[in-house]
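Undergrad: Going letter by letter, the sequence shown gives residues 1 to 168 in our numbering.
Don't take each hint at face value.
Stated by the list, open to error - Simulated pairs of lysine-lysine, BS3-like, Cα-Cα distance not exceeding 27 Å:
| id | residue 1 | residue 2 |
| --- | --- | --- |
| 1 | Lys43 | Lys67 |
| 2 | Lys61 | Lys48 |
| 3 | Lys113 | Lys61 |
| 4 | Lys71 | Lys53 |
| 5 | Lys44 | Lys59 |
| 6 | Lys67 | Lys53 |
| 7 | Lys138 | Lys113 |
| 8 | Lys95 | Lys43 |
| 9 | Lys43 | Lys53 |
| 10 | Lys131 | Lys59 |
| 11 | Lys61 | Lys138 |
| 12 | Lys113 | Lys131 |
| 13 | Lys132 | Lys113 |
| 14 | Lys156 | Lys137 |
| 15 | Lys95 | Lys138 |
| 16 | Lys44 | Lys61 |
| 17 | Lys137 | Lys59 |
| 18 | Lys56 | Lys67 |
| 19 | Lys95 | Lys59 |
| 20 | Lys96 | Lys67 |
| 21 | Lys138 | Lys114 |
| 22 | Lys137 | Lys95 |
| 23 | Lys67 | Lys113 |
| 24 | Lys67 | Lys44 |
| 25 | Lys113 | Lys156 |
| 26 | Lys56 | Lys43 |
| 27 | Lys114 | Lys137 |
| 28 | Lys114 | Lys61 |
| 29 | Lys96 | Lys137 |
| 30 | Lys71 | Lys48 |
| 31 | Lys161 | Lys137 |
| 32 | Lys137 | Lys67 |
| 33 | Lys156 | Lys132 |
| 34 | Lys48 | Lys59 |
By construction, these hints were calculated from the structure, which means they are not laboratory data. Remember, it's a predicted structure, so these values are computed and weren't measured experimentally.
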Amino acid sequence: MIRTPLVLDASIILNMLSVNSLETLLAVEREFCTTDFVLNSIKKTICKGTFAKLEKSQKLKIYSIDKDVEKFFEFHSSLRNLLTIEGCSVLFHAKKTNATLLSSDRNLLDVAKKNDIRSFDLLDVLECMIKKNILSKKEAVENLTTLMEENRILLKEECEKRIVRWEN
Numbered sequence: 001m002i003r004t005p006l007v008l009d010a011s012i013i014l015n016m017l018s019v020n021s022l023e024t025l026l027a028v029e030r031e032f033c034t035t036d037f038v039l040n041s042i043k044k045t046i047c048k049g050t051f052a053k054l055e056k057s058q059k060l061k062i063y064s065i066d067k068d069v070e071k072f073f074e075f076h077s078s079l080r081n082l083l084t085i086e087g088c089s090v091l092f093h094a095k096k097t098n099a100t101l102l103s104s105d106r107n108l109l110d111v112a113k114k115n116d117i118r119s120f121d122l123l124d125v126l127e128c129m130i131k132k133n134i135l136s137k138k139e140a141v142e143n144l145t146t147l148m149e150e151n152r153i154l155l156k157e158e159c160e161k162r163i164v165r166w167e168n
């Protein structure tokens, strides 16, 4: 069975880092990648040691937009500035490589859906980690509770439904 690569955007990387679960996610037997634009955007947000570790990670491949700069900017223009350059870069890479996008950014996920790009949100990622016994339900509840406190963008009602389900 051939598995498509998983493309991580800045929001999912930062959310997983904030609950110390990025390495756990990257331990899954899949190919993970992001773009140089995403890496540069989070560089200022995370500590240098964490950034260096992320940059050198053998599990997270970094795709450079330089290889397809003209096509990328055509794609970005076609989206009529609906996304940041960073968001557009992961969407472009996912579309180009027929990969699956992982994101916590509702706008990016909506644009991905409209462009027929397979995508999953943070709750789906946590759910998958539970199913694969990579993360316990208790850890997922703790992680999601922490993320809800830190990140007011998450859909509270949907998060609470998952927490109730995982606690039972």
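Undergrad: Each hint: holds or not?
TA: Outcome of the hint check:
1. Lys43 with Lys67: This hinted pair holds, its Cα atoms lying about 22 Å apart.
2. Lys61 with Lys48: Between lysine 61 and lysine 48 the Cα gap is close to 18 Å, so the pair holds against 27 Å.
3. Lys113 with Lys61: holds, 24 Å
4. Lys71 with Lys53: violated, 30 Å
5. Lys44 with Lys59: Satisfied, since the Cα-Cα distance of roughly 22 Å is no more than 27 Å.
6. Lys67 with Lys53: holds, 24 Å
7. Lys138 with Lys113: Not satisfied, since the Cα-Cα distance of roughly 31 Å exceeds 27 Å.
8. Lys95 with Lys43: Holds. Lysine 95 to lysine 43 sits at ~25 Å (cutoff 27 Å).
9. Lys43 with Lys53: holds, 12 Å
10. Lys131 with Lys59: It holds: about 21 Å lies between the C-alpha atoms, which stays within 27 Å.
11. Lys61 with Lys138: Given that 27 Å is the threshold and the Cα spacing comes to 30 Å, the pair is violated.
12. Lys113 with Lys131: Between lysine 113 and lysine 131 the Cα gap is close to 24 Å, so the pair holds against 27 Å.
13. Lys132 with Lys113: holds, 25 Å
14. Lys156 with Lys137: Since the Cα atoms of lysine 156 and lysine 137 sit roughly 18 Å apart, the hinted pair holds (cutoff 27 Å).
15. Lys95 with Lys138: Between lysine 95 and lysine 138 the Cα gap is close to 35 Å, so the pair fails against 27 Å, i.e. violated.
16. Lys44 with Lys61: Satisfied, since the Cα-Cα distance of roughly 20 Å is no more than 27 Å.
17. Lys137 with Lys59: Holds. Lysine 137 to lysine 59 sits at ~24 Å (cutoff 27 Å).
18. Lys56 with Lys67: holds, 20 Å
19. Lys95 with Lys59: holds, 21 Å
20. Lys96 with Lys67: Holds. Lysine 96 to lysine 67 sits at ~12 Å (cutoff 27 Å).
21. Lys138 with Lys114: Outside the cut-off at roughly 34 Å; violated.
22. Lys137 with Lys95: violated, 32 Å
23. Lys67 with Lys113: holds, 25 Å
24. Lys67 with Lys44: Roughly 25 Å separates the two Cα atoms, so the pair holds.
25. Lys113 with Lys156: holds, 22 Å
26. Lys56 with Lys43: holds, 13 Å
27. Lys114 with Lys137: Since the Cα atoms of lysine 114 and lysine 137 sit roughly 32 Å apart, the hinted pair is violated (cutoff 27 Å).
28. Lys114 with Lys61: Status holds; Cα separation ~26 Å.
29. Lys96 with Lys137: violated, 35 Å
30. Lys71 with Lys48: Given pair lysine 71, lysine 48 is violated - Cα atoms ~32 Å apart, limit 27 Å.
31. Lys161 with Lys137: Status holds; Cα separation ~13 Å.
32. Lys137 with Lys67: violated, 41 Å
33. Lys156 with Lys132: holds, 25 Å
34. Lys48 with Lys59: holds, 19 Å
In this structure, the earlier hints numbered 4, 7, 11, 15, 21, 22, 27, 29, 30, 32 are contradicted, and the remaining ones agree with it.
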